[in-house]
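Once you have looked at the hints, place chain B with the ligands on chain A.
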Amino acid sequence: MTQTPVIVADAIGKSFGDFAALTDVSLSVHQSERVVVCGPSGSGKSTLIRCFNGLENHDAGTLTVDGVALSQDAPEIRQLRQDVGMVFQQFNLFPHLTVLENLMIGPLKVRKLDRAAAEATARKYLERVRIPEQADKRPAQLSGGQQQRVAIARALCMEPRVMLFDEPTSALDPEMIGEVLDVMVELAQTGMTMVVVTHEMGFARKVADRMVFMEAGRIVEISPPDTFFTAPQTDRARVFLDQILEH
Amino acid sequence: MPSFLKHLRWADWLILTVLVGAAAYVGMRLEGTLNYEWRWHLIPDYILRYREDRQEWFANLLLQGLFATLRICIYAGILAAIFGTILGVARCARNLTVRMLARTYLELLRNIPPVVIIFIFFFFLSQQLIDALNMNAWARGIARSDSAGVWEFFFGDMRRFPSLISGVLVLGLFQAAFVGEIVRAGIQSIPRGQREAARAIGMSGFQEMRYIIMPQALSKVVPPMANQFISLIKDSSIISLISVQELTYKTVELVASTRMIFEAWITTAAFYFVLCFGLSLLFRRLENRD
Ligand SMILES: Nc1ncnc2c1ncn2[C@@H]1O[C@H](COP(=O)(O)OP(=O)(O)OP(=O)(O)O)[C@@H](O)[C@H]1O
Ligand SMILES: [Mg+2]
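Quick note, the sequences are listed as chains A and B, same order. With our numbering as the guide, the letters of the first sequence map in order to residues 1 to 247. With our numbering as the guide, the letters of the second sequence map in order to residues 1001 to 1290.
Chain A extracted, bound-state conformation (with noise of 0.2 angstroms):
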């Protein structure tokens, strides 16, 4: 196993017009690591890890993912995209294709499986999130968190090495988020390298190898978890988090 991070992050910026959502933003994360972004609305969460699969393109310093410099537009982009899955907050799922075409259509036209290989891996997957009986049914017809299960394994299919999570079970009933952070704790478990944006502490605990806390487009502590939940570095996290350990 090489030492040389998957995701080497070098003061990075992004700016929205005159708005800097990110500013100096420098991060490492290792193959088999666990990163916990977490942070206040507008902190610039979802811009840093959209940055690490290209649908951001970061403005200042260097970032460099899988042992490729992303820039404005490296060709190289999409080769990255499949080795880096992404789960969006709002689950995305293509609403005109079944469960299993969700999940076939990245194999079969990016990857360039055959049909019967791509459905074999759509299967593996779809019984790792443990919804293998829905597979013809369409996204709509599915709870939410079995909608946001379906697009964790639609990003698995690609067998990437890296998965990064905005938020996932933010619009999720709360009844359904157990199901889904079942899901994400086995995947840690079989040891993927997992940048997670989210508000669950009790799942960051379980698994975060490390805590980063943002605020204003800035990174403003990095702690192991034990360290950053019994005694934060800053006063802004200690803040945070008394804030949302409240609820």
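Treat the hints as calculated values from the structure; they're not laboratory data.
A few chain B positions that, by computed beta-carbon distances, are all more than 12 angstroms from chain A:
(1) Asp-1012
(2) Phe-1058
(3) Arg-1110
(4) Phe-1154
(5) Gly-1156
(6) Leu-1282
Mimicking BS3-like on lysine-lysine, the simulated pairs with C-alpha atoms at most 27 angstroms apart in a straight line are:
(7) A:Lys-137 <-> B:Lys-1220
(8) B:Lys-1220 <-> A:Lys-109
(9) B:Lys-1220 <-> B:Lys-1234
So the derived label-pair ranges between C-beta atoms look like this:
(10) A:Gly-17 <-> B:Ser-1219: 34 to 42 angstroms
(11) A:Ala-116 <-> B:Pro-1191: 28 to 36 angstroms
(12) A:Asp-209 <-> B:Glu-1107: 55 to 63 angstroms
(13) B:Ser-1189 <-> A:Ser-71: 31 to 39 angstroms
(14) B:Pro-1223 <-> A:Arg-111: 33 to 41 angstroms
(15) A:Thr-98 <-> B:Ile-1015: 54 to 62 angstroms
(16) B:Ala-1132 <-> A:Gln-79: 44 to 52 angstroms
(17) B:Pro-1191 <-> A:Thr-98: 16 to 24 angstroms
(18) A:Gln-141 <-> B:Pro-1191: 12 to 20 angstroms
(19) B:Arg-1144 <-> A:Pro-75: 53 to 61 angstroms
(20) A:Ala-116 <-> B:Leu-1282: 39 to 47 angstroms
(21) B:Leu-1019 <-> A:Thr-98: 50 to 58 angstroms
Ideal Cβ placement from N, Cα and C applies to all residues, glycine included.
Relative to chain A, chain B with the ligands alone:
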């Protein structure tokens, strides 16, 4: 008394009285001043006529015109759907030149009167194309050949084929601009998340369009496209100006030779109305079914 009459208020009666009065006035002028002689009984012959010598029915001017209109509208509709989809996609392209070209086309068509556009397309485009392909000679050849029957089923009188092609081209290119706007609206109605999800699994811009955006957008644009097709049928009468022998052109011919001004135009209006209204009822029913 029918129940709807009970719901009429004095204002409704006033409006109805004025309308009836106006109709009566026009009727009186026709009867009295112009001394117009109605010859409705001749109209059926100009639709469908029985030929004593050959013992067979054949479609006369008006029905020929209606068939020609239908053919032209179907082919022009297909052309407009294809070219319009390309325009719509181009309007959403990342490449600025492509976007500007599509935009220019739309704005030109939107801001020049249809009649002028029709003439410009006719003289600058379809005439040149027809000459370049030597289509006149080719079509005359077909008309004389043995397989003429099959060709005529699809394209009508083969000697008039180049004119039909002109009509289809001109009408199709004209309608494509509006189809393009419908397609663009359809594409833009697909949530951003769909594009991001497609890109996140490594799809190229083309694959994203082909497998994710277009299938969703096209199913959304079916109802407005159906309405646009009805517009196309109505607009098709304009190509009579470039001597395409469709329904309106045939009506002009009929009026010129028989002087049955009112009968002919009322009949033609009824043809268009039944066709368009019938289609709009049909589309509405299909739409409500699912
Ligand atoms: N495409 C964009 N154009 C303009 N401003 C943007 C854009 N995307 C994000 N921003 C701004 O950048 C800031 C950071 O956004 P981001 O979505 O990264 O925050 P976040 O930490 O994920 O917040 P939340 O918890 O609400 O998801 C916000 O103030 C947001 O308004
Ligand atoms: Mg966010």
